[in-house]
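Protein chains in written order, with the UniProt record's numbering: chain D, 1 to 407; chain W, 1 to 645; chain H, 1 to 259.
Treat the hints with care, as some may be off.
[Unchecked claim] Partial list, computed: chain H residues near chain D (C-beta under 7 Å): (1) A16; (2) N51; (3) S66; (4) P81; (5) F84; (6) L113; (7) P144; (8) Q152; (9) F199; (10) G233; (11) G244; (12) L251.
Simulated from the structure, these hints should not be mistaken for laboratory data.
Predicted model only: the values in this text are computed from it and were never measured.
Where is the CB? At the ideal position from N, CA and C, for every residue including glycine.
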Amino acid sequence: MSDIIRRDPRAERIARNRLHPLHATVQRSETSWMGPNGIIRKNPHAVGFIGPNGTKRIDRSGAQQGGTAKRSTQAAAVQLPLHTVAAPSFYIVVVPDLVGGRLTTHDRDLLGLAHKLAGHQGAVLAVVFGEHKESSFDTAGVDRLLHLDGALYSGYAPEQQVQALTAIERQFRPRHWLLPDSRTGGGELGRRLAAQLGERPATRVWQVTDEHCIGRAGAGQQDLQRPLARVILAASECAEPVSESRHEALAVSLDTEVARCLPRIEDLGAVAVDPAATPMAEAEFILSGGNGVRDWDLFHRTAVALGATEGASRVAVDDGHMARNRQVGATGTWVTARVYLAVGISGAIQHLQGIGACDKVVAVNLDAGCDMIKRADLSVIGDSAAILAALIERMAAHRAGGNRDAA
Amino acid sequence: MLNTLLPILLFAALLLAVIGAGKRFFMWRRGRAAQVDWLGGLLAMPKRYMVDLHHVVARDKYIANTHVATAGGFVLAAVLAIVVHGFGMHNRILGVALLGACALMFVGALFVAKRRLKPPSRLSKGPWMRLPKSLLMFSASFFIATLPVAGILPADFGGWILALVLAIGVAWGVSELFFGMTWGGPMKHAFAGALHLAWHRRAERFGGGRSTGLKALDLSNPNAPLGVEKPTDFTWNQLLGFDACVQCGKCEAACPAFAAGQPLNPKKLIQDMVVGLAGGTDAKFAGSPYPGKPVGEHSGGPHQPIVNGLVDADTLWSCTTCRACVEECPMMIEHVDAIVDMRRHLTLEKGATPNKGAEVLDNLIATDNPGGFNPGGRLNWAADLNLTLLSDKKNCDVLFWVGDGAFDMRNQRTLRAFVNVLKAANVDFAVLGLEERDSGDVARRLGDEATFQSLAKRNIATLGKYSFKRIVSCDPHSFHVLKNEYGALGGNYEVLHHSTFIAELIAAGKLNLGQHKGGSVTYHDPCYLGRYNGEYEAPRDVLRALGIEVKEMQRSGFRSRCCGGGGGAPITDIPGKQRIPDMRMVDIKETGAELVAVGCPQCTAMLEGVVEPRPQIKDIAELVADVLLEAPAAVAVKRVVEEVQ
Amino acid sequence: MQPKPLNVLCLVSIGAHPTSGRARRAEQDARAVELGLRLAGEQVQVLHAGNAEEEALRAYLGMGLSELSVLQQPDGADALPVLFDYLKDSGAQLVLTGSQAETGEGSGMLPYLLAEQLGWPLVVGLAEVEKVENGVAQVLQALPRGQRRRLQVRLPFLASVDNAAPVARQSAFGPARRGTLWTDEVHVLDDDLLSNASFQPARPRPKRLKVIKAKTGAERMKAATAKAAGGGGQVLKDVSAQEGAEAIFKLLLEEGVIR
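From just these sequences and the hints, can you work out the full model?
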């Protein structure tokens, strides 16, 4: 949208006509402005909006702005300033995981860290293997993009990828290599690269200060502080992602062809696994059923639809609806899921102990007074069967929508 | 003719009995050595039989009287018959006495027969159905055969036909009652039972004593077997004890695991050990099988591994070590010892503790608590209570042994309540704090003697550093282990359960208590407090002091049913048809009580695990703390407790 | 099935319990031994570079091994060269390790460096060996969220296992006491890591706050008030099942657990 201010005669007309049905929407929205002698002035009368039954409402949460919201939201979509590095004096190379072809939050954190290290002189070079669906390399903070595509890099080919990275090492002489220390590929690739380059990497790094980096050591009981290493395998949330600038994402290429290495490991493809068989302690999304679940068949179908790992309360296990190894709680498995969806579980103290490490707890229950509701971040009071069925439907709609996106 | 036939029959049977006895004796002696008082035991045997065993049997008046008549009559009749008919001392007085004995035995046998008309399911059938007939035959035959001796009938009355009939009758009688006794018939119980009483593994149990602590394993000798793999790994007097079983099934009727449909039947287990002792299959077993496991599919021998031959592992892991079977057993057989012995082999040699067992044991090794919690958090529950550490104070009257309940949020309420009580009574107490470790109870019941001894020795070393008069614990399991099982490793303490201690405080007038205001109350006896340590009264005294009239359950006191939480049973978690705590809750609901008082963190956890609606569950310490009439200063503390709750 | 059992060698280390920090068998290494026992039975060789006096080593023996070889080294020595020397002549066809040590640096580099030096392929996250035929193994590799990938790799190779491998069997006291620890004295090379790096107790990492990039006070206000509403736990009462499901769905989507 252009920044030129234009007169809108129609809006002015409506603004003058207090009986016009749209009159309220075109009222001046400013509630404060710089006064003539530099003091901020406020107009308390301009705050708020006229509610549906004619009384004036002030909503301080900002959630509802009445008719005046339109204009300000349009103004919010501003172009971020472009950060350019014309002639980089050094490179910071980032190899993002690109799970599902898109930058993960972990990747974005890493790019944020790369920018911290690159400053104004250096350029952040992202190396992307195979096809991708990402369109926001610019806002994620990629100055230079090296895209290596082709059959060589499809599937699981860590050895070939390392070969390519060594070629990059020769051509760009990066000051730092940054890889996500993740199980989705970065951790492995980074270590392979480090072994190949003969560099001692700093692993599980979660904080980088000027000359030092701190990473978890051992089984997480200790931190290891050391001088900044050349190869850094960083944990997620190692830095804030880039959010206030746009970057060039200029495509670069390798001068030389990457040597083809003889694959010693052959990828025979993914193996279908039963999501229900995922170990509970490992699962990041658990759908857990308790005494309040009546229709276990529906419960299982919901788990399949959501792709969730199934869990159960002790009572559900005792009653024989679920296997014993699915029991969550102090006497069962202590789970660490990001999202724990508890259906019909009232929340015995042992159970709440077992889900203590879960990030988000969602409860579906008939009894609004039960302990699980007190623990939950989101609770829906109602019949679990109806809600699960609605959830399956919603999920199906989402999947259909998602497919359209991909097509 | 009868005069020549009877001595032959009698002495032949006696000879066979002696040969059988020798054989049986050497069969037992294949077991490992055990320290017994050979002569003293034999001398003490009659008293043990008449007093201790009779106490157990006399709980069932019918069978006690029947047995007195039958067994008393038989012993008398047998002795007199040998004198009169064996040695031919046809004395009239002896004859009359023999007649009397036979008549007594006959009457007793009639009652035995009556019981067998419609036997309860706990009784074994098979050869045991034959026994009353044999008893009747023996007594009747000798009665008639003795009539001439007593001068009631002429010497040659009835001629050779009667003589033949009597000879057959006597032959039947003596073969069942004399050599059947040592050759494995139902009467084996009399022979093995008598010797079992003489050379019992826990002689301290007789004369009103109590011996419930498990026996320590010698870990210093690398060649000593770790637990029991094959029948011959039992000590010989354990094998003898198995042979003493009368298959009355009192254990089966009391066993919570059996009632819950878990694959355990203590009677069958003991009989399987008898099968293992002699070799063969369990096909001849004529009682209730292990729930869910048909009879006849298992076999074994004295030198073959027991588990997965004779007995399946889940049978052993079903036991809650509640000791109800031992308490009920009229032959004073030690079922729990046998089960733990076999578990020891599975855990220490095979590494086959089922389900969460391995994890719990690993946690005990690495963190000194079964939950794997950071040992540094052991005192977190009392962060605001300002407890005195024994390491600061070095000596105190009462050492409060907190136990692993310190990590359990529910149990922390009990602990805090008890601390309130201690403070209200101005008791000079302290805790070990971070120096405390798990008592080793769970490890030991799961068969991990090594971990138990390691924990116990470190605890004993810690306790040795300080001086205190007594230990008080809210956990009957810790209480039992500290009191009864640390002794063998060199730790002898005066240990009290908190209910006993509170009862003492109340009796001494140190607590200013109000009256309980809630509804009606029943009391659940924890196994490790009641049956293991005989403390039935103190908790009831405390409740009475609160103005509570306990609505007793049918199964209370020494017959209390286990909550299912002992012996690592919740950890090994063997599936059954129903859950033990659910059954116990039915018992509780039958009383109509609105609240059940407990004295054990395990019982609390198991009973609270029953789906609501159900009566409320509260520890005795909580009930007492609720009605403390406190000095104003202490009120603040209580408010904090309530907030935490 | 297999004519000749695979020559499997497991590298094990001393672990530390996650809450107490006490020495124990390392979780992942124990899983490697478990995998080795399943593949080669009692013929599996187990090797440790470090202190042979450490009692926790016996926990590996307790899994049913008759012996365990130790390359005697002090703490802080570099295990890589001695392991390389041992492995290159060991005739092992499959070397299994955990992915990461529980003590010390725990960078997880060892399998990579060993594979690099030996010139062997490395399979990361081995979950199962399906079959071995004609010197080629077909294996399953564990991916996040319980997924599996099938790989084919030529023997000899190195593989690291993580928590997706089968759970290690219980360590029993009897075999642990009976097993033998063979000790080899080896040349000690110091690791130079600690010359410029230092260990410190792990600092808890703060949870990332929702970043509020608000230019105006109203936006900040909005963000702040919205957070306060969410923190206490939102309770949806008297809503239709569809609305409830929608709210749950939105949260799942936000948390990124739906793919």
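So, going through the hints one by one against the coordinates:
1. A16: Cβ of H:A16 sits 6 Å from chain D, so the hint holds.
2. N51: Status violated, d = 16 Å.
3. S66: violated (29 Å)
4. P81: violated (14 Å)
5. F84: violated (13 Å)
6. L113: For H:L113, the interface hint holds, since the closest Cβ of chain D sits about 5 Å away, which is under 7 Å.
7. P144: Since the shortest Cβ distance to chain D is 5 Å, the answer is holds.
8. Q152: holds (4 Å)
9. F199: holds (5 Å)
10. G233: holds (5 Å)
11. G244: Hint holds; H:G244 Cβ to chain D Cβ min 4 Å, cut 7 Å.
12. L251: Where the cut-off is 7 Å and the nearest Cβ of chain D is about 5 Å from H:L251, the hint holds.
In summary, the structure is inconsistent with hints 2, 3, 4, 5 from the numbered list given earlier, while agreeing with the others.
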